[in-house]
Every structure is written in structure tokens, then in C-alpha cells.
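*Asks:* So you can see what is in the structure, the chains are spelled out below.
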Amino acid sequence: MRKKSKWLALLLVLGLVLAACGDGEGGDTTTTAVAEEPTTTAGEEEMTTTTAAGEEPAEIATDVGVDLEAGTITIGLLSDLSGPFSPLVQVIVAGHEMYWAKVNADGGINGLTVQVETRDTEYDTPTHVQRYEELKGEVVAFGHSTGSPQTIAINADLQADGILAVPLTWYSGWSDPAINANLVPHGVPYCIESMNMIEYLTQQAPDAATIAIATDEGDYGEDSSAGAMIVAEALGLEVAYDGTARINARDEATLAEVASGITGSDADLVWVTTNSVAFGAIYGQAFAAGFSGALWSGAGPSWSPALVAPDSVISEPLSNDFYVSAYYAPWAADSPGNQEVRELVEAAGAPPLDFYAEGVIEAKIMEQALRAAYDAGDMTQAGVLAAAKSLETVAFDGLAPDETYVGEPNDRVQRAQFISRPDPAGLADGTSTGVTLIESMYTSPLGASFEFTETCFSLS
Amino acid sequence: MRGRPLLHTSYEADQALLNTTAKRVMLGIFLLILVSIPFQIVPGLKFLGEDDWLRLLATTAIFSVGALGLNILIGLAGQVSLGHSFFMGVGAYTAVWLGGSVDGPLIGLGLPIWIWLPAAGVVAAVVGLLIGPTAVRVRGLYLGIVTLGLVFIGEYVFRNWDSLTGGGQIGRDFPPLQLRIWKEAEPIVDLTSPGSWLGVDISGNGKTFLVLTIGTVVFALLAKNLQRTRVGRALMSIRDRDVAAEIMGVDEFRYKMVAFGISSFYAGVAGALLASFVRRESPEGWDLFLSVEFIAIILIGGAGTVTGALLGSAFIVLLPRVVEDFTHWLRAIAVDGDGIFAAIANLFVATSSTDFGLVNAIAGVGPGLSVAQLNLVIYGLLIIGFLIFEPLGLYGIWLRVRNYWKGWPFTY
Chain Z
1167 MRKKSKWLAL LLVLGLVLAA CGDGEGGDTT TTAVAEEPTT TAGEEEMTTT
1217 TAAGEEPAEI ATDVGVDLEA GTITIGLLSD LSGPFSPLVQ VIVAGHEMYW
1267 AKVNADGGIN GLTVQVETRD TEYDTPTHVQ RYEELKGEVV AFGHSTGSPQ
1317 TIAINADLQA DGILAVPLTW YSGWSDPAIN ANLVPHGVPY CIESMNMIEY
1367 LTQQAPDAAT IAIATDEGDY GEDSSAGAMI VAEALGLEVA YDGTARINAR
1417 DEATLAEVAS GITGSDADLV WVTTNSVAFG AIYGQAFAAG FSGALWSGAG
1467 PSWSPALVAP DSVISEPLSN DFYVSAYYAP WAADSPGNQE VRELVEAAGA
1517 PPLDFYAEGV IEAKIMEQAL RAAYDAGDMT QAGVLAAAKS LETVAFDGLA
1567 PDETYVGEPN DRVQRAQFIS RPDPAGLADG TSTGVTLIES MYTSPLGASF
1617 EFTETCFSLS
Chain C
279 MRGRPLLHTS YEADQALLNT TAKRVMLGIF LLILVSIPFQ IVPGLKFLGE
329 DDWLRLLATT AIFSVGALGL NILIGLAGQV SLGHSFFMGV GAYTAVWLGG
379 SVDGPLIGLG LPIWIWLPAA GVVAAVVGLL IGPTAVRVRG LYLGIVTLGL
429 VFIGEYVFRN WDSLTGGGQI GRDFPPLQLR IWKEAEPIVD LTSPGSWLGV
479 DISGNGKTFL VLTIGTVVFA LLAKNLQRTR VGRALMSIRD RDVAAEIMGV
529 DEFRYKMVAF GISSFYAGVA GALLASFVRR ESPEGWDLFL SVEFIAIILI
579 GGAGTVTGAL LGSAFIVLLP RVVEDFTHWL RAIAVDGDGI FAAIANLFVA
629 TSSTDFGLVN AIAGVGPGLS VAQLNLVIYG LLIIGFLIFE PLGLYGIWLR
679 VRNYWKGWPF TY
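Residue numbers (this note's numbering), protein chains in the order written: chain Z, 1167 to 1626; chain C, 279 to 690.
Keep in mind that the hints are not guaranteed to be accurate.
Said to hold, decoys possible - Straight-line Cα separation of at most 27 Å, DSSO-like style, residue types lysine-lysine; simulated pairs: (1) K502(C) with K324(C); (2) K301(C) with K1172(Z); (3) K301(C) with K324(C); (4) K1172(Z) with K324(C); (5) K1555(Z) with K1268(Z); (6) K684(C) with K324(C).
To be clear, the hints were calculated from the coordinates, so they are not data collected in a lab.
All figures in this text were calculated on a predicted structure; none of them were measured in a lab.
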């Protein structure tokens, strides 16, 4: 027994010595945002002089994800393909692939074809981190990263590894320079969306004096509430019911509680931010309890065309009461960008859905970044990041408002959005995706004048 | 005597954990191989040294610690417990209370790892001791329900205690795996960033893997040793027939509390390590599914044995990755190959949205199951299969193989 414990003690001491010996002196604690070479067998470091598909020779620096000899660029997608947002994200991923297929057919990025590597993160943070680790040695940038807590979890790694990612969420923190060194957001953040929409509602109902607010727990709901509170105070609306972070979409009891809170508040305006199924349940319960006469709205994901499907009980009252908020133009909108999306989707033989636009928007941002990186001669991960962060204008031809990634946060945060009304008739006969656009590139006065310097709601 | 490894001539030899030369040699070789993995020396196993595999292996080590704890409770003491994820959560939130960053709106004292890691275990153990007495009143399925209730109580408390946990869906950052003496700015040992040990370059994940492997070896040794001590024998007698044990003089109350306490200590440490390794976790992470995963590990690996807990952890943690790689391999055959194999592969795998297949090769595209769903299906099938055909789990399979070759060629 004594002999064995001696060996064990020796082993442990050896372990400690090993650990201390290495990192002690000098130390290489690269905790700051230094671009680090990922240790992997997939990527190679090369400075190559190459003729890219017969064009004039250029010296393009590459490290990971760009193979000049094979003529390929690899983009990664961290997508929720089996979790709560999978129906939307699958369509968004399809939108990416359609757009890149078209770009590749038109000659790619100066002759380099773009490949998309999608990984299912299941909307689970450890899985998201694991997928990031898997892809970071294979891709030059991330075309999207689904989920705010998940994107925050990899944010420190993105900064340490020097890789670009496009967040697939509209949390206002992505416009905050303290957080977004490696992120290029798009679309109006939840908090400014609330300001735009609620002020718009007061213009539709000038006598409105009270508002009921109910949102999901988490960044999505609380960022949205933060904006709603700001606009309520600015416009002098009384918050008759405050259900911030009271909604838990998996817990029916919270939906009933919120519905009764709204009904009892007798408010003139209602702002509910959650997913569409929970929203339908809350609206339905309030309606059944006799609540009526108010105008309803909520953050973009609260809406789904299924709410006004022909077999939906709430279809008629909802189409009178509800205003749909969106970050990009709906399917049937009349703009060159929308026309492009329609052509892509019809060519692929897929049914009309609004979400393809989101995939195309993300892909366009990445395309601009890649082209700028190519022109600058630096297609390393760090080069693509720098190129993206220096884009002055990314235009979407009317599909979405222009984005810019240079300048003061207050100047470049996105403030414009789209407003629609539900269109059950159009959905029933297939002429629309369930909405009719009424305001394009809209910003309310408060949304335009709001001083944005940091995130509306802190995630930690 | 040489050639007669199971003939023991002393008490120490009889009680030895590694009682045959073969066991000692094999364990030594295995540990050497494990240590060499981050340095990618062994041919054929070099792929394990890549960052994503190192993360999986480090996760296996953490799950092993938790599984060892649950094995002491289920395998050794025979108490059914579905509440393992609750104790892991308690450990993780104790760790973040003590070790979490002082800045920011959430609770955190910024203390170093040598305080918060043991404290995570101790606090979880104390909570386990409080639960222990319920095991005296109920047993079997009913104890399972009681511990199940713990999981839901835990979920509710964690979700509503925003100042500690960050609140539902949001979560918070956990203290990183770095060694400091007190609250200095630069850690002495930093497992999260790459560096060089003894002159050899190693990535952050590699360092974490090595340190966690050493930790797991220590915990496994302690768990294995428990079996041959007085406490271990008492727990085993309670497992076999607790009423008879009580009559014989084994204090049921005390030993059931001890079982819960020790198992919760392991769970607390595992929870703290898991949260720190993943860096950010929300209260939803400590849910029933995590508990079920541990039950699956114990059942598939083999209840009651340390080797079984380790085998089960490796199996469950690595299975999703193996299934995914296998799917990709099948897809490559279906798309690029020809002949009968390609046809069979095509049947299993859906290569596009219009191709028939059981599993979608490309994420999100196709009529079949996603890889994540396939994993869940395989999980369930494995648990059922092992319970019916091999109750001793993977360890049982290993025993059969070993005994076959021991008696070869006289296998009858």
C-alpha cells in the first residue's frame, strides 16, 4: 500500500511540475485579440503567386479556408437545424446555397468558387462551441452563427482566433463596439425595432395612452423590452402591464399568465416578443377572454404566416389588430433585390417563403467582404475580417436597408425596417406569403433620434 | 508465482487494484498513449490530436468524473438517482459564485481555481447529504421520482435566480480553467490558450485534455479504491439487500447519506469543470436529458464497475461524432463510388433534398432524420439493447471477450 501511494504522489508531483515548468516563465497568455494560427492539419500557410482562372497574376495571402490551387473558398454556417428555430434556419441555409450557386455560376469571387459547410448546432451552446472548433480550421469566415447566447459563447474565441462571423440574431449588442470586434450585424436591432414599431402604432391610434408589454426571457425578449420601455417613457405611454421576461415558450402556465395580464390591463397597445406559436396562444387566450380594441405588434420572429392560415381561429381578429415587423422585405415586395430572390427560389423549384431573403442578405455581406479581401490581396481569416469591418456600404437593392461597418456606433446602427399587415386572403389563394407591405425602409422619429452608444440590454 | 497471475500469496496482492502483470502493463501503455495524443506521435491516432477531437476527449474526461460518481451511487450502493444533473448544476453555480468575475452585474468573487473547484464538490456533497435520508424512506422507482423532482426544482431555482445564473436562455460566463495563487492578472498555468510545456508546443485544448486526464485518473483510482474499503463493502451490502445489511449492523441511514454525499461531490466537480470548459452555460443546460445521459453511460458501460463508467462515457460522448463521420463516409461512397456498396450507402443516406435516405447527409437537406435525431434514436436503441442482451454493458462484453481468449482453445 505504501509503495503504491508513493508512486501516485510522484505522478501528481510530476504533473504539477510539468504544468508549472512550461507556462511559468515568459508566459504566452494570448488572451488579447491576436490572430492565432489554428493548429490543424486542414489549413496550410502559403503565400502563393497564382493565376486565378486565367486572370492576371495576383499575390493573395491565404491561410485557412481558401485554396488558390483548387480554386475554392469555404464558408462555415453554424445553424440550428434540429432545434427550436430549425424551420426558419433550414430555409435560410437554403437561401445561402442558392445565392452562392448563382455567384459561382457567374464566375465566383474572381474565379474562386465558394463552398458552404453547414453544421447543426441544435441551438445548444456546448454543441455550438464544439462546431465552431470543428470548423475554425476549415473555413475562412462564418456566414452565420445562430442564437445570441451561442454567439456570445464563441465571441471570445472569434476574437482570439481572428475570424469573422455574421450573427443570425438581432440583439443590439452586435452594434456595440465593446462586443462586436469580429461581428458584422445586419438588420435593425430588437431594441430600436421596438421604438420604431410602437411609435408607428401610436400614429395609427393617436388616442392610445396605455401599453402592455410581454416578452420572452433571454436577450431576445429583454432587448426588445428595453426598447419598449424607452419609447413608452418618451411618448408618455403608461405601462399598464409589464411582462418583461415572463414568457417561457415551453411553459404553458406562463402563456396563460401573460394573456390574463394583458386582458386585465385593458391596454390600448400590446407589444409581445416571443416565437410565433407562443404568440398565437397568448393572442388567442386574450381574444377569447374578450380583450379587443387594441393594436398588437411584436418583434419580427413573433410573426408567422401560420397565424393567419385558413384554418387559424384567430386569423380574422389578428389581421385587424396586428402590425408585422420585419428586418427585410417580404417575398412579394417590388424591388430588384426581391426580384432576384424570387428568381433564385423559383429556379430551384422551392415554395415561396420570406426567409430565403435572410440567407441571401447574409451571403451578400460575405460576398462583399470576400471581394474586398481579394482586392486587398489578403484572404487570410484576419484579412477577410479586416475587409468586412471596413465596408462602407453593403447594398441589397431594396431587399433590406444598406449596412455600413465603419464609423460611430450611433451613425451606423441600423434603424430602418419594414412594416406589413397580415394578408390571410393572399395566403389562402397563394398570391402572397401572408403579408402586405405597407412601409418600406421605415424609421420612426424616436428610432432615428435615439442615441445608440452601447447595447440596450447587457447579456452578462 | 509466475504463470499463475491469479494465485495470490499475500493480502496486499489479493486486494491489489492491478493484480496481474498484464493489467499493469496494459494500463501503463494506455496511459502513455493518452498522454501522447495532443502531441500526435502515435501513427493511426494522430487525428485525435486535432482541436475538435481534443475537445471531445476532454469532454469525455469530464463526463467520466460525473459517471464515476453516479456509478458509486447506482452501481455500488444500488440507489436509483435521476438527479445527477441537479448536483452538477449546484457544483457549477457554486464555482461561478466563488470564481466568477467580480465586474458586471452578476454575483462573483473572483477567487482562484484551487478554492472554487473543491468548493463546488463540497457544496454539492452537502446538498447530497441532505437528500440522502430520503433514500432511507423510499427505494427503487420511488427514489427515482424523488431525485427526478430535484432536477425540476433545480431548473426552476436556477432560471429564476438571475443574479447568479444570468437568467433563463441568457446564462453567464464561467470562470476559465486557469491556475492563480490569488487574484493576479496573469495566471501561472493557463489551460485556455496555447503554450509550450517542457519545450513542446501544445494548444489550449491539448493542455486541458492532459490535465483533465490526470484528474480523471485520480478520481478513478479513488472510486476503484472505495470498492475495497469498509465503506465500499457496506455500500455493496446495502445494494444487495438493504434490510439484511441493516440487521447485520450496517447503518443504512449513514451509508446511504455517504453514498449520496460522495456521488454528489463527483457530480459537483464534474459540473464545475463542464461549465468552465464550455465557458458559457445557461440554466437550461442542467436538465433531465443530462441526467438521462449519465444513466445511459452507466447502463451502457456497465453498472458497478469503474471501467464501465469510463467506457460508457467515451462511448456516449464520442458516439455523435462517430455517427456523423460515418454518415459523411457513407455519403462519399454513395456519391463517388459505384457498385453494390454505393447502392446500399445510397439507401441509408439522403444526398439531396429529393434522394431517399434514412439520414440526411447534408445538414438540413433531405427527407430523412438529421444526424442529431439519428443520435437520439441510436441512444434509445442502445439502452434497450444493452439492458436486454448485455446487462453488464460494454464491460460485460469485454469480460466475455477476455474470458474467451483466456480459455482459448478450450472455450467450452
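*Asks:* For each hint, tell me whether it holds in the structure or not.
*Replies:* Each hint tested on the structure:
1. The hinted pair formed by K502(C) and K324(C) fails the criterion: a straight-line CA distance of about 30 Å is larger than 27 Å.
2. Restraint check for K301(C) and K1172(Z): the C-alpha separation of about 19 Å stays at or below 27 Å, so the hint holds.
3. Between the alpha carbons of K301(C) and K324(C) the distance comes to roughly 25 Å, so the proposed pair stays at or under 27 Å and holds.
4. A hinted pair counts as satisfied when its Cα atoms are at most 27 Å apart, and K1172(Z) with K324(C) does not qualify at roughly 33 Å.
5. Using a Cα cut-off of 27 Å, the hinted pair K1555(Z) and K1268(Z) holds, with the two alpha carbons roughly 25 Å apart.
6. Using a Cα cut-off of 27 Å, the hinted pair K684(C) and K324(C) is violated, with the two alpha carbons roughly 32 Å apart.
The structure shown violates the earlier hints numbered 1, 4 and 6.
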